[in-house]
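Visitor: Sequence:
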Amino acid sequence: MGLALRPRSGCLVLCLCVSVLTMMLQNLWVPLEMSRDETAGRSPEEQGQRGRGSRRLALQMQALSMQVQRLNRERDATQLTRDDLSLMLQSLRQDQQGLASLVERELKRMSQRLDQLSHHPQHHLRQHHQSHTPRPHTDPSLHTGPREECEVPVDPVFPVCAEKVEFLQARWRSDPCYAFYGVDGTTCSILTYLSQIEDFCAPRSGGNHSGPAWHQRSPSYTETAQIGATLRPLYEAFSRNSGPAIKFMQSRVERMSERWIQAGRTMKLSENKTPTPQMRVLLYPGALAGSVGQHFEAMVERGGPLGELVQWADLGACLTILGHNLTLTTSQQRLHSLIGAVPGRGSCPIQRPLTFDLIYTDYHGLAHLQGAMGLAFQHYQCRFRILDSFGTEPAFNLGSYAHSRGYKTLWGSWGLQPLQYMTMFPHTPDNSFLGFVTEQMESDAQEKERIAVMYGKQDYMWQGKSGYVEAIGEELETHATVYQPPGGQTATSLPGFVINHGLLTQQSFLRLLRRAKVFVGLGFPYEGPAPVEAIALGCVFLQPRFDPPHSSDNNDFYKGKPTTRQISSQHPYAQDFIGKPYVWTVDVTNRSDVREAVRAILRTEVKPFTPREFTCEGMLERVHTYINHQTFCSNSSSTWPPVAALRAHLAPLGQTCVSVCRRSSLVCEPALFHHLNSPAAFSRLGLDCSSMTEEVNHLFPAYNPWGRRCGLQQEPLLFSCAGSDPSHRRLCPCRAHLPGQVALCPDCQ
Numbered sequence: 238m239g240l241a242l243r244p245r246s247g248c249l250v251l252c253l254c255v256s257v258l259t260m261m262l263q264n265l266w267v268p269l270e271m272s273r274d275e276t277a278g279r280s281p282e283e284q285g286q287r288g289r290g291s292r293r294l295a296l297q298m299q300a301l302s303m304q305v306q307r308l309n310r311e312r313d314a315t316q317l318t319r320d321d322l323s324l325m326l327q328s329l330r331q332d333q334q335g336l337a338s339l340v341e342r343e344l345k346r347m348s349q350r351l352d353q354l355s356h357h358p359q360h361h362l363r364q365h366h367q368s369h370t371p372r373p374h375t376d377p378s379l380h381t382g383p384r385e386e387c388e389v390p391v392d393p394v395f396p397v398c399a400e401k402v403e404f405l406q407a408r409w410r411s412d413p414c415y416a417f418y419g420v421d422g423t424t425c426s427i428l429t430y431l432s433q434i435e436d437f438c439a440p441r442s443g444g445n446h447s448g449p450a451w452h453q454r455s456p457s458y459t460e461t462a463q464i465g466a467t468l469r470p471l472y473e474a475f476s477r478n479s480g481p482a483i484k485f486m487q488s489r490v491e492r493m494s495e496r497w498i499q500a501g502r503t504m505k506l507s508e509n510k511t512p513t514p515q516m517r518v519l520l521y522p523g524a525l526a527g528s529v530g531q532h533f534e535a536m537v538e539r540g541g542p543l544g545e546l547v548q549w550a551d552l553g554a555c556l557t558i559l560g561h562n563l564t565l566t567t568s569q570q571r572l573h574s575l576i577g578a579v580p581g582r583g584s585c586p587i588q589r590p591l592t593f594d595l596i597y598t599d600y601h602g603l604a605h606l607q608g609a610m611g612l613a614f615q616h617y618q619c620r621f622r623i624l625d626s627f628g629t630e631p632a633f634n635l636g637s638y639a640h641s642r643g644y645k646t647l648w649g650s651w652g653l654q655p656l657q658y659m660t661m662f663p664h665t666p667d668n669s670f671l672g673f674v675t676e677q678m679e680s681d682a683q684e685k686e687r688i689a690v691m692y693g694k695q696d697y698m699w700q701g702k703s704g705y706v707e708a709i710g711e712e713l714e715t716h717a718t719v720y721q722p723p724g725g726q727t728a729t730s731l732p733g734f735v736i737n738h739g740l741l742t743q744q745s746f747l748r749l750l751r752r753a754k755v756f757v758g759l760g761f762p763y764e765g766p767a768p769v770e771a772i773a774l775g776c777v778f779l780q781p782r783f784d785p786p787h788s789s790d791n792n793d794f795y796k797g798k799p800t801t802r803q804i805s806s807q808h809p810y811a812q813d814f815i816g817k818p819y820v821w822t823v824d825v826t827n828r829s830d831v832r833e834a835v836r837a838i839l840r841t842e843v844k845p846f847t848p849r850e851f852t853c854e855g856m857l858e859r860v861h862t863y864i865n866h867q868t869f870c871s872n873s874s875s876t877w878p879p880v881a882a883l884r885a886h887l888a889p890l891g892q893t894c895v896s897v898c899r900r901s902s903l904v905c906e907p908a909l910f911h912h913l914n915s916p917a918a919f920s921r922l923g924l925d926c927s928s929m930t931e932e933v934n935h936l937f938p939a940y941n942p943w944g945r946r947c948g949l950q951q952e953p954l955l956f957s958c959a960g961s962d963p964s965h966r967r968l969c970p971c972r973a974h975l976p977g978q979v980a981l982c983p984d985c986q
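FYI, the numbering for the sequence shown is 238 to 986, going by our numbering.
The hints are simulated quantities; they were obtained by calculation from the structure and are not laboratory data. Just so you know, even glycine gets a beta-carbon here, dropped at the ideal spot from N, CA and C. Hints may contain errors.
Below, simulated DSS-like cross-link-like pairs (lysine-lysine); rule was C-alpha separation at most 27 Å, straight line [stated by the list, open to error]:
#1 K645 - K796
#2 K844 - K817
#3 K685 - K844
#4 K685 - K817
Label-pair restraints from in silico Cβ distances [stated by the list, open to error]:
#5 T876 - S479: 38 to 48 Å
#6 R921 - R642: 51 to 61 Å
#7 T592 - P512: 45 to 55 Å
#8 R840 - L924: 49 to 59 Å
#9 Q700 - T876: 50 to 60 Å
#10 D793 - H640: 40 to 50 Å
#11 T646 - S927: 36 to 46 Å
#12 Y697 - Q531: 13 to 23 Å
#13 T868 - Q531: 49 to 59 Å
#14 V394 - Q453: 32 to 42 Å
#15 S927 - S528: 29 to 39 Å
#16 R687 - A535: 31 to 41 Å
#17 V394 - A535: 45 to 55 Å
Kindly generate the complete structure, drawing on both the sequences and the hints.
Guide: This is the structure:
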């Protein structure tokens, strides 16, 4: 028969039950002096099992009783929730099963012990004296006596200690990681955990507080990174993983290995290269792990996106040639092992200091790391580098700001330094441009044919493009590499005159590009590596113009991306940084415009072209400089690039710093913003401020001409090259850059 209880009645009944059980267990405690001899010859774990069983259960009941009473007292302020009652009842159910056997066992042990004492009093006395000798490997703070009462210390240095204790008293069973660290529900075990494993309570027993064991220690670099002449360490790293994605990456590295090795030799011979400590680096492509990884792996063999794999492969080769100690994994289980994650759901910190100086991952991997590292995630986040193809602007990166200002998306709000995000192209100067390396034309290049290769491996990319494709087909033999499911006939959007090769291997695709005159963009995918590689193989890239520009306001693909960029063509980098005669951008709805562009391309002879930043030498140079100069684990302002590189510009109303710097053939450098965030900077630009305020605003520092109001930036994480407002003129930190190497500036390396 069931009985329905009101919250108040339920609390009273629980209090009564818990109190009775607690009194029973307290009466069963054996004085410490009577059980000392049983500890001889046992490990600390074995010593604790017999003596702590009843004490632990009694203390749990006592804590539970206190919690129920507290909830009852607070019933007028807040209703007792179903979760609270469920948790308490669950604890009672789990403990009551062993209560009967525990009582019987304790009574039997007491009887045996009294027997021994009556027959061997002298033996007990000797054991009593011996028990005062310290035993190795026994931490008194971890083993509390039956009469020890732990009080929550009041210390202004640890203001949230009591709150954390209260939380764990109620929720220590919610994650197995707490038990892993010795928490058993008692106040003493909780205080030990919160002082030794986490950092929320003062050290117990007056001990010195050196911080939790997992806190980072100063890196002790013992070796200098030496330029390598082999990629064997990377091949070994690949061999510990498997799957189509790994196979694709290894194949790419092997195909380009001689170029990487030669670039390393060239770099080694060059002068003025700053010695770099050998870094312990972890590569963790989170998109290849777990359920997301299974989906991605399946797409690799069906024409899915390979741009990310190109970048991961080239990053691995680059770091290997630069001489760093590399570890690669696509397994969440191995990730946990490598970083020392404890069993459970990620509520607790890792077991030891992080052994990696740098961790390269992606947004998926960032979530996996947070789930595995618990409290340690924030402590070590300065070591993360996030491969982020489309970029993350500062307004989306800071969670509180993004939420209050309408910039919150699924991909932002991590609160990292914006330069920790590493992009495929230099389209977001607030982030670091990592890039990749393009394939190049062989020395015995064959003659170009009147062939157009269409950029689109899946059928949906061709939909609505028939007029555009037909206009090209009137002038050129048109080829495609669209994935076709095995067996059976499927409907297709390809015109009948298009020669479809199906999904090609990378080598076969490159051979086709070496024959082709034109590589044709269909409008999607956006900003992939293929157009730059096609240009490096001697093709001209023909792409659609977007009017109006695509953005998160009008395009489903960019909706939710942490960027406000306006995309005026399929590949803005190719349009803005390369341009004619290698890149032609047309209105695909105007067939005559398309035909004229194709005819002009056929009359033009172009040689293979690769910007330096997409060569092996350029990527080695860029990554080497980042590792040497980008330090995000210090609270001090950035000293790289040096202040001598700064070219301060005052933007017109409604202009971004990105566009202002670009118009002067410069690039916006967010690391220099702090030099403009002062009243003196406004004076140097000839601005007379009637007022000077400090705000949290990603457009600041900025000048409002109406009222001559000047605004300084209060939150350094919001220094942003992106963003504009019709009422503000932004102060922009521009700098020069090396030819073909946007990420670096003269005299900055």
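Visitor: Does each hint fit the structure? Answer for all of them.
Guide: Hint by hint, here is what the structure shows:
no., hint, verdict
1, K645 - K796, "11 Å, holds"
2, K844 - K817, "12 Å, holds"
3, K685 - K844, "11 Å, holds"
4, K685 - K817, "18 Å, holds"
5, T876 - S479: 38 to 48 Å, "43 Å, holds"
6, R921 - R642: 51 to 61 Å, "30 Å, violated"
7, T592 - P512: 45 to 55 Å, "22 Å, violated"
8, R840 - L924: 49 to 59 Å, "51 Å, holds"
9, Q700 - T876: 50 to 60 Å, "51 Å, holds"
10, D793 - H640: 40 to 50 Å, "23 Å, violated"
11, T646 - S927: 36 to 46 Å, "37 Å, holds"
12, Y697 - Q531: 13 to 23 Å, "22 Å, holds"
13, T868 - Q531: 49 to 59 Å, "37 Å, violated"
14, V394 - Q453: 32 to 42 Å, "20 Å, violated"
15, S927 - S528: 29 to 39 Å, "58 Å, violated"
16, R687 - A535: 31 to 41 Å, "37 Å, holds"
17, V394 - A535: 45 to 55 Å, "53 Å, holds"
Against the hints set out earlier in the document, violations occur for numbers 6, 7, 10, 13, 14, 15.
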